[in-house]
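Visitor: Sequence:
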Amino acid sequence: KEVLIFNTPLSSNSDNFNKITHKLADKWKIFPVFTSITLSNNSSVTIEFSEAVFNNNAGSGDLEVSDFTLNISGGTASLNSATPTSLSTSGNTYTLGFTLSGTPDGNEVLTVLPATDAIFNTSGVAAPTTQINNTVNLN
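First residue of the sequence shown: 6, per my numbering; consecutive thereafter.
It is possible that some hints are incorrect.
Restraint-style ranges between C-beta atoms, simulated for each label pair [said to hold, decoys possible]:
1) GLY102 / SER78: 14 to 22 Å
2) GLU53 / ALA87: 17 to 25 Å
3) ASN61 / ASN112: 31 to 39 Å
4) SER65 / GLY107: 37 to 45 Å
5) ASN61 / SER106: 31 to 39 Å
These are calculated hints, taken from the structure and not from any lab test.
Backbone N, C-alpha and C define an ideal beta-carbon position, used for all residues, glycine too.
Please build the complete structure, drawing on both the sequences and the hints.
Guide: Here it is as structure tokens:
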């Protein structure tokens, strides 16, 4: 038996609840979660998953650009599309390309999410559309 102790109180605070849920998911591979996000430049972002992921619930199939959604809030630049323009992979790490309208001023926050019922682990459990480790500021 394992016991996990969190120094974050579980309350009605949804941010704390999401953090705890994602820690458990990462530890026991309950469902796939983002473990990190890195802005490569102002035209691509890299996401790392907690486990191997697939585009169908049978645990097979490569992810596609349509398996992700992008959003920008704040700043002066905007996305040309909510769907990434490209996708490359290396293990559990995925690099998503995107194009902008306008010049970023550094106040833009890029959010990456799995599309609904689009990304699955080997057990066929879908990645939730609520993630942490899914935002990054543009330069």
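Visitor: Is 17 to 25 Å right for how far apart the beta carbons of GLU53 and ALA87 are?
Guide: Holds: the Cβ-Cβ distance is about 21 Å, inside 17 to 25 Å.
Visitor: At the C-beta level, are SER65 and GLY107 separated by a distance inside 37 to 45 Å?
Guide: Since the Cβ atoms of SER65 and GLY107 sit about 39 Å apart, the hinted range of 37 to 45 Å holds.
Visitor: Taking the Cβ atom of GLY102 and the Cβ atom of SER78, is their distance within the range 14 to 22 Å?
Guide: Holds, since GLY102 and SER78 (Cβ atoms, about 20 Å apart) stay within the stated range.
Visitor: In this structure, is the beta-carbon distance linking ASN61 and SER106 contained in 31 to 39 Å?
Guide: 33 Å, holds
Visitor: Honestly, do ASN61 and ASN112 meet the 31 to 39 Å range at C-beta?
Guide: 38 Å, holds
No hint from the list above goes unmet by this structure.
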